[in-house]
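Keeping their order, the protein sequence lines are chains A and B. With full-length UniProt numbering, letter number 172 in the first sequence gets 172, and the count goes up by one each step, no holes. With full-length UniProt numbering, letter number 501 in the second sequence gets 501, and the count goes up by one each step, no holes.
Careful, some of the hints might be misleading.
[Stated by the list, open to error] Covered stretches of chain A, as calculated for chain B (at least 3 residues, CB under 8 Å): (1) 13 to 27; (2) 60 to 66; (3) 72 to 83.
[Unchecked claim] A few chain A positions that, by computed beta-carbon distances, are all more than 12 Å from chain B: (4) Ser-30; (5) Ile-36; (6) Glu-46; (7) His-47; (8) Ala-69; (9) Ala-115; (10) Thr-123; (11) Ala-125; (12) Ser-127; (13) Thr-133; (14) Pro-166.
It is worth saying that the hints were derived from the structure and are not from the lab. Since we're looking at a predicted model, the values are computed, not measured. Just so it is clear, CB atoms sit at the ideal spot from N, CA and C, and this is done for glycine as well.
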Amino acid sequence: MQQEAPGSAVISLLVDNESGALARIIGLFSGRGYNIRSLTVAPVDEHSLVSRVNIVTTGTLADIRQIKAQIERLTPVSRAVDLSSAGPHVAREMALIKVVSSGESRTEALRIADAFRARAVDTTASSFVFELTGSSDKLDSFIELMRPLGLAEVSRTGIAAICRGPQTIQNP
Amino acid sequence: MTPKTASAPQAAQTPATLAGAEVLMRALVEQGVEVIFGYPGGAVLPIYDALFRQKEIRHILVRHEQAAVHAAEAYARSTGKVGVVLVTSGPGATNAVTGLLDALMDSIPLVCLSGQVPTALIGNDAFQEADTTGITRPVTKYNYLVRRPEDLAKTVHEAFAIARSGRPGPVLIDLPKNITVGDAPYVTAEQTKPRTSKVRTEPDHDAVAQAVAALKNAKRPLFYTGGGIINSGPQACEGLRKLARITGFPVTSTLMGLGAFPATDKQFLGMLGMHGTYEANLATHGCDVLVALGSRFDDRVTGRLDAFSPDSFKIHVDIDPSQINKIIHVDLPIVGDVGRTIELMLAEWEKQTPYAHEADLAQWWQQIEAWRALDCLRFKQDQAADAVIKPQKAIQRIYELARETGRETYVSTEVGQHQMWAAQFFKFDEPNRWLTSGGLGTMGYGLPAAVGAQVAHPNALVLDIAGEASTLMNVQELGTIAQYRLPVKLFIINNHYMGMVRQWQELLHGSRYSESYSDALPDFIKLAESFHAKGLRATRLDELDSVIREALEHDGPVVVDLCVAEGENCFPMIPSGAAHNEMILGPEQEERGAEVTREGMMLV
């Protein structure tokens, strides 16, 4: 039995859009001591009957398999795929980042935002709100760079993820 | 409510509309429900009214909602049907929580109907309001709050489908009062397309072939069977018997699996685990191929994980994929119905080349017989007429004298020492006869369970082997027993202690018996009589047989107070954190309990 270091994994679910479905999933994580790093959920079909949930969690490969098996048991979950092990996937996150500064810091913030292709969606004489989309790592580095330049507030969406290529969550 | 006077052609097209409570009754009848265990209250009055006005379903009035759930569990476990519970909102539903979790842990199919305040009042802290779906979400397989009348019938059908399919479990339906009072359309199960458990019943045939190939190569094989075989049904138990017969391999069982394989068969090694037999545990430790059939490597079974069956090739058959590799890494997982898998294994066994390790197998059996010769369940009973009765002796005699009656016998237990002794000494040859709280370990399970079993099998002999402390946890059910004239025999193995707590305190906590003495006990004979039952007592060895016989022969409920030795401990025992080959066999080795590490103590 190989023991490996815990890593992070993206599990994507298709869930019947019914009351309590999200509570069931979250309850399973807290009840069994699993970790949720980020969670996104929104309806994805034309009649809003099915929601897609993307969960970033951590654990060894065996932990992740157990988490996936436990989620699959839930009645409203029609599909559960561990995207990290199913093959290459794209994971993106959006963040709104508020920077309050003036003078040199303000220009520097704007310069870095430009390099990251972050958009200023709100501007006042003393502040910016930048909108930035990308991998979680990219967002992390941007936020780190803003920290000494007057970083005031961060709001992140958590990731949305999807398989690369023609495969889908239904046919990975 | 005024009857609908829709014209005939219209009625043929649109679903029949009835009061919600009547729709509920019809759906229950369509699902084959014959008995409901329940307790009325404000939010379920319309349902009780509908119950009153129909003839197909019988209602058993319990004295506490927890007991309703345990009774329904025993009804389900002893018949293979879905047990049904009806409770009111708020405290009615919260009282059912323990029973629901008990059923979830032991994979018992139940449907629990709970009343709820009208939908318009939900969230307003109304009288007897509780967030029942929120509270019961982690203790059920699935639950519902019915918000729209058109969902009612469909929900009931789906709840039954989910409760009984795959790995069975409890499902709760929360029914707001406006839904049961107002009109609702009726639809049949066929007209709805109920979701069921997403389940794979047909195992992978290649994996089955690999498993049989491993069995053909085994020199020291062992079948480790669990409650899943009983849930799979009588044909799975029959299949297991055939599999054992044609292979000649030994069989051990978990607590929940007892009865799936005949305990009196010489291929049966007894229960394994913490209080399992020496031969079962050493065979588990020493086998080279371990086949887990419908069992889940519970911590009471495995002991210290890194020392569990260290040299074996492990095959795990389970219908629930989340059980595979959850605790023990297995070499060959097979997801599917265990009965179907055994059936395929039997065919595959005939197909593959004959078993060629007869000599090794004979040697394995020789080793097992040597372990068995140790007679690990032996105990010392002073034979004097006035000797104090040993609890093991009491349970052994209950078994032997019940067997002498030749009657179909169902046994429930509470939780603790008496439960383990019952598992060790009561030999079940048939499945569905043994009713015990395994996963959750719920004290107070046995008496209501005896109610459920006796309601399901009115002509059978139903025994509750109990402790005096556990009995008091649901003792009010003596009222239910009296009301329905259920001839349940309650045998209280009375040692004036919460015996298992006392045993652990002796072994692990320096004999500091903190709060484990059963002080101020009632006079159980007077208690029995006040509940219109017969009360009997035995305090000396020479009274034991006659009292048990008198109880078994009495055509009505009996409470038997069997006053037994207070200090007796349940052996054999694998101390916390120890491996299967480090068992404590008897009192002479008790000091080994003191060697239990702090890590072991934390394991409970």
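Here is how each hint holds up against the structure:
no., hint, verdict
1, 13 to 27, "holds (count 5)"
2, 60 to 66, "holds (count 3)"
3, 72 to 83, "holds (count 4)"
4, Ser-30, "violated, 9 Å"
5, Ile-36, "holds, 16 Å"
6, Glu-46, "holds, 20 Å"
7, His-47, "holds, 17 Å"
8, Ala-69, "violated, 4 Å"
9, Ala-115, "holds, 46 Å"
10, Thr-123, "holds, 42 Å"
11, Ala-125, "holds, 45 Å"
12, Ser-127, "holds, 39 Å"
13, Thr-133, "holds, 35 Å"
14, Pro-166, "holds, 25 Å"
Against the hints set out earlier in the document, violations occur for numbers 4 and 8.
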